[in-house]
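Work out the full structure, taking the sequences as your base and the hints as a guide.
Protein chains: 2
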Amino acid sequence: MTASHSPFARKLGAFVALSDRELIALDGLHTRRKVFPSGRDMIHEGQTNHSAYIVASGWASSYKILSDGSRQIVDFQIPGDFLGLRSVLCRTADHNIEPVTTLEASEVLASDLLDTFTDMPRVATAVLWAASRDEAMVVEHLVGVGRRDAKVRIVHFLLELKSRLKLVGMATSAGYDCPLSQNLVADALGLSTVHVNRVLRELREDGLLTFRHGHVEIHDLDGLIAMSNFDRTYLDEEGPMLI
Amino acid sequence: MTASHSPFARKLGAFVALSDRELIALDGLHTRRKVFPSGRDMIHEGQTNHSAYIVASGWASSYKILSDGSRQIVDFQIPGDFLGLRSVLCRTADHNIEPVTTLEASEVLASDLLDTFTDMPRVATAVLWAASRDEAMVVEHLVGVGRRDAKVRIVHFLLELKSRLKLVGMATSAGYDCPLSQNLVADALGLSTVHVNRVLRELREDGLLTFRHGHVEIHDLDGLIAMSNFDRTYLDEEGPMLI
DNA sequence: CGACGCCACTGATCTGCCTCAGTGCATGAT
DNA sequence: ATCATGCACTGAGGCAGATCAGTGGCGTCG
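If you read the sequences in order, they're chains A and B. Each residue of the first sequence is one higher than the last, beginning at 1 in full-length UniProt numbering. Each residue of the second sequence is one higher than the last, beginning at 1 in full-length UniProt numbering.
Honestly, I wouldn't trust all of these hints.
[Unchecked claim] Residues on chain B that point at chain A, a partial pick, calculated with CB under 8 Å:
1) 86
2) 95
3) 138
4) 143
[Unchecked claim] Reference listing, derived: stretches of chain A covered by chain B, where coverage requires no fewer than 3 residues with Cβ under 8 Å from a Cβ of chain B:
5) 57-67
6) 125-134
7) 143-153
8) 176-186
Worth flagging that the hints you see were computed from the coordinates, not collected in a lab. Cβ coordinates follow ideal geometry from the N, Cα and C atoms, glycine included.
Structure follows, in structure tokens:
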């Protein structure tokens with residue numbers, strides 16, 4: 001696999017050993033590219049009959065709004081991630097999706113996907129694997145919000161992002177670019193913006209990491225992993241591990 | 001569909017209109033029945049190469065344990081629910097499953113499931129639908145833990161259980177039997193046992209609901225729905241709505 | 001150019017929920 | 001009959017994190 005493949009092919013290729021033919025087929029799903037501006041919902045709750053997308057560039061957030069106006073962000077999507085896969089199956093979206101930055105994404109028709117599956121069953125495995133991983137991430141997110149304190153929660157979140165970005169070549173162990181405002185982080189982690197700010201300052205003062213001006217710099221990876229009990233195997237690193 | 005079918009067939013039949021032949025095929029998955037005692041893990045994190053199950057009777061909990069010993073329960077499983085479906089795909093379980101009561105469950109081999117799928121595609125749709133619904137429930141759970149206060153969180157949780165149990169004929173609008181201790185509820189909702197106790201007392205005093213001695217009695221359904229902003233359509237009620 | 005808005009940041013104050021340390025009541029074991 | 005165990009329940013006190021009320025920097029738009 002070379003860097004010339006799309007983030008999507010690159011990500012799946014990291015988990016299931018895929019042939020060049022299969023990788024090229026994955027890239028082939030990236031026709032029908034669309035651009036969405038940041039700040040306006042591209043899918044909103046209750047909407048029916050829309051498509052799934054694969055993110056080509058940019059970040060998005062999926063979230064729910066509660067009656068009192070507060071927002072819970074369920075997950076962020078980065079290049080290579082699916083958008084709205086579940087809502088295709090359920091027919092009606094149960095959450096909103098809003099780009100965080102300008103977003104490029106490719107529309108994926110269920111029929112195209114199924115054709116690829118019957119043609120190349122290993123691709124089906126890989127896609128199912130990715131969907132399961134997404135679900136596992138939501139579960140981990142739930143555990144964090146339910147049982148971890150603010151500091152550990154933020155560290156865990158930033159390490160998870162690092163792992164995910166690394167998969168598509170957008171992060172190194174030293175750091176990564178991150179377009180999320182403190183407010184977005186707060187809404188994802190069930191904290192207030194003010195508190196996120198304070199904790200980030202503490203992490204900076206402790207020499208653990210710096211998150212500023214849209215960039216995360218990791219100063220002490222071992223320290224971070226130790227304090228957050230981040231599972232290295234959970235989303236991590238090295239080459240094809242399945243099949 | 002008649003009450004003679006298994007909870008599993010009954011649940012799926014409520015969402016996808018299935019023929020008698022299809023319902024009977026679903027019941028046919030219930031060979032290989034096993035009994036698990038409460039209190040001992042049936043699946044634990046990191047375990048590989050185990051099966052999926054369908055719950056026939058009894059309740060189970062899936063949870064994670066954190067390094068500090070605290071527990072986050074991700075979901076409870078009731079009759080008709082899948083157990084460990086995702087961990088079959090991922091090959092290694094990412095969480096533990098422990099029966100809450102004595103549990104009867106049927107082992108389901110991936111091959112049997114796939115055979116049923118190729119034979120009856122509508123069944124595949126129904127099963128995928130159920131899996132998506134489970135994921136949507138985890139998302140809703142995340143939203144609750146992140147953004148709802150203790151009272152609303154508990155009410156929402158108990159209403160969701162009511163809807164799920166109703167689907168398999170184990171609840172009415174008046175109430176249902178619930179074998180969960182206050183401690184289990186607390187670990188699911190990210191609260192302390194003590195606080196769950198207090199909130200349940202308040203709900204009782206407000207004449208909204210009584211949860212005591214393993215039984216939930218609903219006194220004021222409209223009041224509960226209003227205060228928790230429970231989405232009636234989200235998991236609810238009336239007959240086949242898909243296909 | 002100044003005005004407006006967004007974002008990062010800070011201090012003061014408030015509060016929801018936790019922790020600790022207990023009591024009372026079951027049920028089952030001896 | 002008594003003891004042990006588990007769950008429900010209560011009050012006192014503490015703390016993590018929320019809310020409120022600001023300041024200052026920076027980009028953008030009339």
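The hints, checked one at a time:
no., hint, verdict
1, 86, "holds, 5 Å"
2, 95, "holds, 7 Å"
3, 138, "holds, 6 Å"
4, 143, "holds, 4 Å"
5, 57-67, "holds (count 3)"
6, 125-134, "holds (count 4)"
7, 143-153, "holds (count 5)"
8, 176-186, "violated (count 0)"
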